[in-house]
Structures are given as C-alpha cells and as structure tokens.
Amino acid sequence: MKRRYFVLSSISFGLVIGCASLQTKDSPQPSVELSTDPVPPAVAVSPNKTDESQIANVTEPIFAENGVAIRGTDPVAYFQVGKPVQGNKQFTHNWMGVNWWFSSAKNRDLFAANPGKYAPQYGGFCAFAVANGYTAPIVPEAWSIVEGRLYLNFSLRVRDRWERDIPGNIASANENWPAAAANFRG
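Residue 260 in my numbering is what sits at position 39 of the sequence shown, and the numbering runs on without skipping anything.
I should point out that these hints are in silico values taken from the structure, not numbers from a laboratory. Misleading hints may appear alongside valid ones.
In silico lysine-lysine, DSSO-like type, Cα no more than 30 angstroms apart, as pairs [to be verified]: (1) Lys-327 - Lys-310; (2) Lys-338 - Lys-304; (3) Lys-327 - Lys-338; (4) Lys-310 - Lys-338; (5) Lys-304 - Lys-327.
Based on the provided sequences and hints, a complete structural model is requested.
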C-alpha cells in the first residue's frame, strides 16, 4: 500500500512540476513563418559572413522591424547610460543589412567602430527563446548585460525567467543559436 501511495504521489508531483513549467501567455512563442519568401520581412540576412572578430554570438539573421534593428533603440546607450534610449533615424548606421538607429553621432560612430561590442546577442532575438530552441521578438525594456554582452528578451516577465539561470540559459542559447538562425535562412 505504501509503495502504491509513493508511486501515485511521484506521478502527481511530476505532473505538477511539468505543468508549472509550461509556457504562459507571457512566454515567447516560436516564430511562425507565414510568408513563402525565404526571409521574413522582419528579419534581415546579411549576404556575407561577418568576420568573427567583429561580432560575438551575433550572426545572421538580425531581428528587425521595417528594416530597423531592435525597434530603433540605440544599442550603445545600454552600455553608456544603463537603459534603453530610442534612437533617431538621423543617426543611422547600416550593419549586417539592417539599419541601426542611435541617439547621437558619437554612439553611431562607437558602434560602427566595434559592432560586436554593442550589438545584442543572438541577432537581437529574445535570448530566453533562443535558449529554448526557437526565436521570438523583443521589447527594448527587457534587457540585461552579462559579462559585457547585451541580451534582450520578449517581455519583462520573460527576462525575469531568463535571469533565474543566466549561465545555463546562455549555454543553451549558444548551443541553439546556429539552428535557430538557420531556420530564418530557409
């Protein structure tokens, strides 16, 4: 009788844990390709490979909407002022086939000189989603800098989940990124 109770308790516990880890409405959902075009409109793909010395963990594709990376947010500002700052179309730099907006000419020039230092990891897609094997868009307010690298997430709640195991999530995302990126290249 005790053995039967233990088995039933174990199964119940497993179901509770498993269901608790299911995605919620705030979880990034896997991207769905609706277009027959091999490159979705929100993603730009560079025709050339980027020199690895220029970039760390950011390879093609780059998350962009209307041809603008990270929703027009200045990536250098995360490092300079510690918060997202909306860029200005006047201070644009095209890198990896995508327009990056900056809040000043100085930030644009810093990025142009060393994009790998400032560009978000995983092409600017949600880092938590990539850690879980798929891609999702981001909001500029859901960010973190870890060991000098910028990571963006789908929402503030998803960023909180990302931060529960940053080293594990980074390791998983680094492993998953080549396949996730390849899905956008067709």
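Does Lys-338 lie within 30 angstroms of Lys-327 when you go C-alpha to C-alpha? holds (15 angstroms)
Within 30 angstroms, alpha carbon to alpha carbon, are Lys-304 and Lys-327? Distance ~17 angstroms between Lys-304 and Lys-327 Cα, so the pair holds.
Given the hinted pair Lys-310 and Lys-338, is their Cα-Cα distance within 30 angstroms? holds (21 angstroms)
Are the Cα positions of Lys-327 and Lys-310 separated by 30 angstroms at most? Within the cut-off at roughly 14 angstroms; holds.
With a cut-off of 30 angstroms on the C-alpha distance, tell me whether Lys-338 and Lys-304 pass. holds (16 angstroms)
Of the numbered hints given earlier, the model fails none.
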